[in-house]
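**Q** Residue numbers (this note's numbering), protein chains in the order written: chain A, 1 to 259; chain B, 1 to 259; chain C, 1 to 259; chain D, 1 to 244; chain E, 1 to 244; chain F, 1 to 244.
None of these hints come from the bench; they were simulated from the model. Some clues are possibly wrong.
Restricting the straight-line Cα-Cα distance to at most 30 Å, the calculated cross-link-like pairs of lysine-lysine (DSBU-like) are [to be verified]: (1) Lys100(E) - Lys117(B); (2) Lys43(A) - Lys112(F); (3) Lys11(C) - Lys131(A); (4) Lys11(C) - Lys27(F); (5) Lys68(F) - Lys13(F).
If you want the footprint, here are the derived chain A segments under chain D, 3+ residues with CB under 8 Å [unchecked claim]: (6) 105-116; (7) 214-223; (8) 232-238.
Label-pair restraints from in silico Cβ distances [stated by the list, open to error]: (9) His60(E) - Asp92(D): 29 to 35 Å; (10) Glu65(A) - Pro95(B): 17 to 23 Å; (11) Glu207(E) - Asp12(B): 56 to 62 Å; (12) Met6(B) - Glu207(E): 19 to 25 Å; (13) Asn206(A) - Arg94(D): 23 to 29 Å; (14) Ser230(C) - Glu55(B): 54 to 60 Å; (15) Pro95(B) - Gly174(C): 22 to 28 Å; (16) Lys117(E) - Asn101(C): 27 to 33 Å; (17) Arg191(F) - Ser36(A): 34 to 40 Å; (18) Lys153(D) - Glu55(B): 28 to 34 Å.
Just so we're clear, the structure is a prediction, and the values are computed from it rather than from any experiment. For each residue, glycine too, the CB sits at the ideal point set by N, CA and C.
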Amino acid sequence: MGFEIMEDIRKDYVYDLIGSGKRVDGRGFREYRAISVERDVIKRAEGSALVKIGETVVLVGVKLEPGEPFSDAPNEGVIMTNAELVPMASPDFEPGPPDENSVELARVVDRGIRGSKTIDLEKLCIEEGEKVWMVFIDIHVLDNDGNLVDAAALGAIASLLNAHIPNEKYGLSGESSLPIRDTPVAVTTVEIGGNILADPNLYEENAATSKLTVISNADGTLSGMQKSGSDGLKEEEVAEMVEIGIEKAGEIRERYLVT
Amino acid sequence: MGFEIMEDIRKDYVYDLIGSGKRVDGRGFREYRAISVERDVIKRAEGSALVKIGETVVLVGVKLEPGEPFSDAPNEGVIMTNAELVPMASPDFEPGPPDENSVELARVVDRGIRGSKTIDLEKLCIEEGEKVWMVFIDIHVLDNDGNLVDAAALGAIASLLNAHIPNEKYGLSGESSLPIRDTPVAVTTVEIGGNILADPNLYEENAATSKLTVISNADGTLSGMQKSGSDGLKEEEVAEMVEIGIEKAGEIRERYLVT
Amino acid sequence: MGFEIMEDIRKDYVYDLIGSGKRVDGRGFREYRAISVERDVIKRAEGSALVKIGETVVLVGVKLEPGEPFSDAPNEGVIMTNAELVPMASPDFEPGPPDENSVELARVVDRGIRGSKTIDLEKLCIEEGEKVWMVFIDIHVLDNDGNLVDAAALGAIASLLNAHIPNEKYGLSGESSLPIRDTPVAVTTVEIGGNILADPNLYEENAATSKLTVISNADGTLSGMQKSGSDGLKEEEVAEMVEIGIEKAGEIRERYLVT
Amino acid sequence: MKKEEIELIKDGKRLDGRGFEELRPIKIEVGVLKRADGSCYFELGDNKVIAAVYGPREMHPRHFQDAKMAVIKYRYNMAPFSVDDRKRPGPDRRSVEISKVSREALDPVIIKEYYPKTAIDVYVEVLQSDAGTRTAGINAASVALAAAGIPMKDLVSSVAVGKINGEVVLDLNAVEDNYGEGDMPVAMVARTNTITMLQMDGRFSQEEFERGLKLAATACSKIYELQRTALLERYSESIGEGEA
Amino acid sequence: MKKEEIELIKDGKRLDGRGFEELRPIKIEVGVLKRADGSCYFELGDNKVIAAVYGPREMHPRHFQDAKMAVIKYRYNMAPFSVDDRKRPGPDRRSVEISKVSREALDPVIIKEYYPKTAIDVYVEVLQSDAGTRTAGINAASVALAAAGIPMKDLVSSVAVGKINGEVVLDLNAVEDNYGEGDMPVAMVARTNTITMLQMDGRFSQEEFERGLKLAATACSKIYELQRTALLERYSESIGEGEA
Amino acid sequence: MKKEEIELIKDGKRLDGRGFEELRPIKIEVGVLKRADGSCYFELGDNKVIAAVYGPREMHPRHFQDAKMAVIKYRYNMAPFSVDDRKRPGPDRRSVEISKVSREALDPVIIKEYYPKTAIDVYVEVLQSDAGTRTAGINAASVALAAAGIPMKDLVSSVAVGKINGEVVLDLNAVEDNYGEGDMPVAMVARTNTITMLQMDGRFSQEEFERGLKLAATACSKIYELQRTALLERYSESIGEGEA
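Work out the full structure, taking the sequences as your base and the hints as a guide.
**A** Given below as structure tokens:
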């Protein structure tokens, strides 16, 4: 009970502060926390990236293994995206099979990559109808201080950009770099008391009643969107969030994904 | 606690009424509630039937897919019967994997069809030892007002009678109608205070301490039986229940299954 | 609450008694309870043994079935060891998937057999890379009065020694006896108040804070060891336990495994 | 053959004859189940779904209770025979996500504070599927909640917008969804133009997205009228029944 | 080759030499386990089962308690090596159903009202199977309950009747079950002729069914005597032990 | 080719250039996570693990509480990408056993009586694996517990000893583990020479075992110094931070 009261007080504090134009950590409303992206940190993986946004830490690993294609796409590789909210990362995460939050996280990241056709899946066919490359994107959340989606999505595309195809390991030959055609970037904003804030930290996420993730591509098109939270958004709020999404994605792409 | 008292009172009411020769809904002891059978309601299924017995509603869908035969019956198709007591159908049903009641429901319906050799499984062989038709009978309970077994069994045989083999979908050729050789019908009776009642509604089911389902075929033979409940039955009670079972099955078959 | 106090009192009793040089059932510190090994008790299994150590009863069954080899050992048979602590065996066992105790039991027995290379796995190859014999060792605990590991390990090796390869059942030909090359025996000791006791019964197991299982082979080498419990052991205690382990294993082997 | 090359638009019409901004036929029936506190059968073209509502009722396990308000639970489930290839019973990742966003689509209109410590269970069963089942489910659930007497600020209406052969169109069917370039399910409180669900996959330009959103808003208003009418009819019927 | 064509009867005898109305050899041992409150080992031909009873004991989780009576739980389980092809450990649909009907077979004789809020756990392990394991399990469980001191109105006895080569016969073994035309497991309170379990598969005429039921009743009376004798022996032994 | 025939020792050196009694390089970082009460990143050669500690905190479900002391929970988990062939997420039998023995390795040094009815959760995530992850995990967990302020009698240190080409050597890497003849993970309270974990597979003579155990003890003392130093550095840093 005491805890709940603390949480209410914290929400009110965040809310009031924002009402007076400020964020708990002093950032501007459209400003991200410090971002760092470290690639190729896991040598057992074909691609990997350790992404930090503020104190949120997400490790993404990409593994490739030969497997069977789906019968309705016999000449295409397969993407499998999975997210583990391991209990290490937060006192609120429980061990056990993926709950709705990890499922949503994985599926939103997955849709961004899939919708933008980032991976040229036809180039991942080894033998039509028999054998294709399975691309496993595993999102391992290590520390949750808010805005997991943006960190996970950034980790996923950063890992993919550096990943290689392990032909030799499986006695195969061919191109060794993954055929990546786009760089989708997720930008999440929340609405608190009529204000739109980019990159919410954990306190802000808890205080917000609605959240929108906007995934956009190098050419400014949108390839994924997900609203969540227990309150609605006005059309003009959505428009502003999309605006911010495309703008911020451009900045992040420029800084962390262009090599 | 209050609820339990209400339930006791309801049981007593049903019990007393029956003692004076009446049922809660005014039916005769051997009389069924209104039955309706609507076939081919689901176009994604190869066969389907929406069965209502009073306010009990069960939707059965039959799907056929090519699959591997069992190694001890290499030239026979395979029947898989499954029942979902989805929580929509009753405040007493919980989401989750099938409990003993759904397992029992599925297995009793399955045995009726299997015991009577209703489906000529050898005609469902596509390639001996390699490929046969798998017949999935899925029982989806939508509203439970008692006597699910009779409704489910009727839905199963009605669906099967109309089902076709989707040869084209899988690039195969052959007979398109399912080889159906019999029409097993389940008739459930309960014993309440020494009286035998056919087609118990939910109140009666709760008031009864023993229940017998009798499945019989077009030629009057029996191909399935299942007693349940926490009390025993005398031999003469069983005999009467079998009698009623065969009689009622004949009427139901005549009216809803003969085309 | 009352139960917990009883347990404490029992622990103290066991502890005090041992302090004065005695065990609850009058045995010497290095003495085992009565052991009996009955082989070939289950005719559906290729090998089986009912082992009793005092009132602890474990039934082990060995089944062989053809299956696929692991890709990194294409010409070797596969051992699968599984233990069920069925709720029949103890008021403390719960139905459900294996918990950490059954997993540990199975894995320790498995390692003893695997580490000693007891089964010549290469002789279990039927067709390289395609088909090998899978050896299922199933440990079924029927009554738990302490020291399950020794009983299970003894049951496993006794079953293996008598097991045959069911070539005929699968239309194959070849040697019918399992290629067994060693006889690993597990000996478990506990430490209670500075004393080392072999073959703890249930009371002693509960009173002990550390336990060591030592698995040794016909030539006196060690092929498995597992410490458990919530307290540590000194190097000299371990040395004594290993000493006892090898000695007792020799006696048990001589008496129950040499034919 | 590439998926994109299939012709989904011919002479300005879609394969099923609809115009770009045209909904599939809708059929709504209220109160179709006896046991549930509220229920609704909803057809959207070839989609057939039922929603049932139980509650407010006791929440257990208790430690999931909320001392300040009712907890909404939503379970979207597909019958095994509702799709072309039989679906294995039980929740999968897709249905877990749909259940979450659908719950959040309805959450803003339910006055949960009236019933602290209780649960309101919403169950949606998809009996036949033809793309758009989550939107059909939300429409059905919204009506079922009202029919169950759950206090609500307004109804929620839902529809998807998609992109086929480069055109932004309303309410994709399964063929269009499979061979189209994008899909965007939306739920709204039509009267206040408040967006309560918004998802997207595929690829949309910012302009296409905005146009799509407006298209969805207009369609949600139409669906809202149908939902209202169905509830009204049911209400008059029950009055009628009461008098009879 | 068709399954039905196998000859299961030769010169009026069954393949294992039994007559039509003959039970397989039965062996009963009471009190075979230390930890359980009551236990029984039961052999029926090549079937070997053990039943153990724990209780009445605390029921948890509590919200499954019944304020008026004890709750009976029954778990039928096959050891992986009990059957020809290794069985994967854990419950399957068959064992779930058998557990239910077995519990209901015993339920009528247990005086549950004596121990409200408690659980009585019955565990049956099939160690070796040769058709008829559920009936052997019920017989064993009935004895184990009595041995555990659970108050009972009477013992329950169980046997199956089947049909092979057109004949109604008692107590099918595995070969007869596999190649026969029907199986009908029955449990009864032999002394009062009360049927507490009744299942059927295959195909029986009404007359065959009635004949089978009578056959089962006669056999249950025999089994009842064996159960009683085993308990009596055990009781005298423990008296003896007590005196020694 | 037989596994044993691979040459793992050349000119008295191991394939990675180490001597028989040489540890792989170790790197320890304390306090790497924000949310956890204590955390530690530990590298042992190519093994990369993180340990996090939460607690003492409320234990639920309550019926697992211990009225006299805190309950230690330990979860060893491998990231799917930490091994050569992707590992399916979730616990398997190996990780269940490792979690148990690791918990028991730490149990003796934790003063659990200070916090009755609570849980102390230890989570170990293996990010990259190269044989020896359980020992790396225990080392990390021991430091993380201290960093979380859990009262401890001492630190636990852990290392494995193995046998390759007939030689007893320290701290096997993955190649040595795959092609070696035995592995023996040990955990100790280095200062008191108390063994808190001891496992073995493969085949060791009694003499080899005893030699191995001594080797492990010496190595644990070295690791203990590194653990202490890392904690000390962290402590001085936080003092420094406090002053700044």
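**Q** Is the gap between the beta carbons of Ser230(C) and Glu55(B) within 54 to 60 Å?
**A** 59 Å Cβ-Cβ, so the 54 to 60 Å window holds.
**Q** Cβ-Cβ distance between Glu65(A) and Pro95(B): within 17 to 23 Å?
**A** Violated - the Cβ-Cβ distance for Glu65(A) and Pro95(B), about 34 Å, lies outside 17 to 23 Å.
**Q** Does Lys131(A) sit within 30 Å of Lys11(C), going by the straight-line distance between their CA atoms?
**A** Roughly 61 Å between the alpha carbons, so the hint for Lys11(C) and Lys131(A) is violated.
**Q** For the pair Lys153(D) and Glu55(B), does the Cβ-Cβ distance stay inside 28 to 34 Å?
**A** holds, 32 Å
**Q** Within 30 Å, alpha carbon to alpha carbon, are Lys68(F) and Lys13(F)?
**A** Violated, at about 51 Å.
**Q** Quick one: are Asn206(A) and Arg94(D) within 23 to 29 Å, going by C-beta?
**A** At 27 Å between Cβs, range holds.
**Q** A range of 22 to 28 Å was offered for this pair. Does it hold for the Cβ distance of Pro95(B) and Gly174(C)?
**A** violated, 51 Å
**Q** Return holds or violated for the Cβ distance of Glu207(E) and Asp12(B) against the range 56 to 62 Å.
**A** Given a distance of about 40 Å, which is not inside 56 to 62 Å, the answer is violated.
**Q** Is 34 to 40 Å respected by the C-beta to C-beta distance linking Arg191(F) and Ser36(A)?
**A** holds, 39 Å
**Q** Note whether the CB distance of Met6(B) and Glu207(E) lies within 19 to 25 Å or breaks it.
**A** violated, 45 Å
**Q** In terms of beta carbon proximity below 8 Å, does the region 105-116 of chain A have 3 or more residues touching chain D?
**A** Answer holds; 6 residues pass the 8 Å Cβ test.
**Q** Would you check the hint for Lys43(A) and Lys112(F), treating anything up to 30 Å between C-alpha atoms as holding?
**A** violated, 39 Å
Checked against the numbered hints given earlier, the structure breaks hints 2, 3, 4, 5, 10, 11, 12, 15 and satisfies all the rest.
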